[in-house]
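Residue 209 in this note's numbering sits at position 209 of the sequence shown; the count goes up by one each step and never skips.
Hints may be right or wrong, so weigh each one.
[Claimed, not checked] Distance condition first, Cα-Cα at most 30 Å in a straight line; then the derived DSS-like pairs of lysine-lysine: (1) Lys39 to Lys104; (2) Lys211 to Lys312; (3) Lys203 to Lys39.
Note that these hints are calculated values from the structure, not bench results.
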Amino acid sequence: TTNNVGFGSSFVPDSLVLTIGYVGSYGPDPSVQIINVYKLTEDMYEDSAYYSTRDFDYDPSNLAGIPITPQSGDSVITLKLNDPVFTANDTSFVDNAAFQSFLKGLYITTDTSMPGGILYLDLVSPYTKLTLYYHDVDNDSMSFDFLIDAESARSNRFTHDYTGTEVGLQLQDPALGDSYVYVQPMAGVKVEIQIPHLLDWVKNQNVAINKAELVLDVYDDGSLITYPNPENLFILGAGVNTIITDQYEGASFFGGTYDATYKRYSFNIARYVHEILYNGRENDGLYLIIPNNLLFTGSVVSANRVVIGGPKNSEQKMSLNLIYTIL
1 TTNNVGFGSS
11 FVPDSLVLTI
21 GYVGSYGPDP
31 SVQIINVYKL
41 TEDMYEDSAY
51 YSTRDFDYDP
61 SNLAGIPITP
71 QSGDSVITLK
81 LNDPVFTAND
91 TSFVDNAAFQ
101 SFLKGLYITT
111 DTSMPGGILY
121 LDLVSPYTKL
131 TLYYHDVDND
141 SMSFDFLIDA
151 ESARSNRFTH
161 DYTGTEVGLQ
171 LQDPALGDSY
181 VYVQPMAGVK
191 VEIQIPHLLD
201 WVKNQNVAIN
211 KAELVLDVYD
221 DGSLITYPNP
231 ENLFILGAGV
241 NTIITDQYEG
251 ASFFGGTYDA
261 TYKRYSFNIA
271 RYVHEILYNG
281 RENDGLYLII
291 PNNLLFTGSV
301 VSANRVVIGG
311 PKNSEQKMSL
321 NLIYTIL
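Assemble the whole structure, with the sequences as input and the hints as a guide.
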């Protein structure tokens, strides 16, 4: 895209095509999805951070409503928009600021009446663009690409409806997590783990913690092939101090990587336990999350979720295994 785009007085828009890089999907092979596209009526800013609960105002006129069925191996999704929307004069194309004032952005979503599915779209792909097809008075056909890249503002919006699900019941009554707990990215759910009796355990003795391993077994009802679990989990302190000192030893020591042989995750938290016993750290629990590419934040780029056995699960029991020396 360049500045001072001059289409001329004989400019006649024919169609506007939105092309988005497609990476893949999560869950069963995608069925038909209806993609809706709307014009934003509110500014977005590339240098601003937006929470995934943030809604933006948009014009309710649907520019798409197009059914698509992504196939394995597809690299793009192509949407021919209903309204060319380019009814502006040349001043709207003088520079980027003028263009963004004219077209503030697009809100892309799906029709919720269709079967569920999660598609991974690459908004910084070289294939992602908005293409205007037009002709002039001589009926010469031409096109112009409005590029969408890393400098373009963008934001994901996540909503979840847990009504009538096991997750929903646990959110109402956390005690139901004795058998299974659920970890979901994309502003989904995290797990709070409490270890309430650590101080009682050493009340009358001094011990050296040689190893403290938090073991989390994955529940598999046969659906892991269709709904694979994440490669990594991560734990944070649930109180004011979110840092677990053991993580400074590196990922290979700290753990959190999925063990496909035993279908489990494990974390080494000996220093964390020692700090609670002897350094005055508050025993205010842990949060179990799915990290964002090994960053210490919840994932917004992957849909992989997992079910973990709870502390009273007879077969896949969550446990803290301690090896210690009495001093």
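For each hint, the structure was consulted:
1. Lys39 to Lys104: holds (7 Å)
2. Lys211 to Lys312: Within the cut-off at roughly 23 Å; holds.
3. Lys203 to Lys39: violated (64 Å)
Taken one by one, the earlier hints fail for this structure only at number 3.
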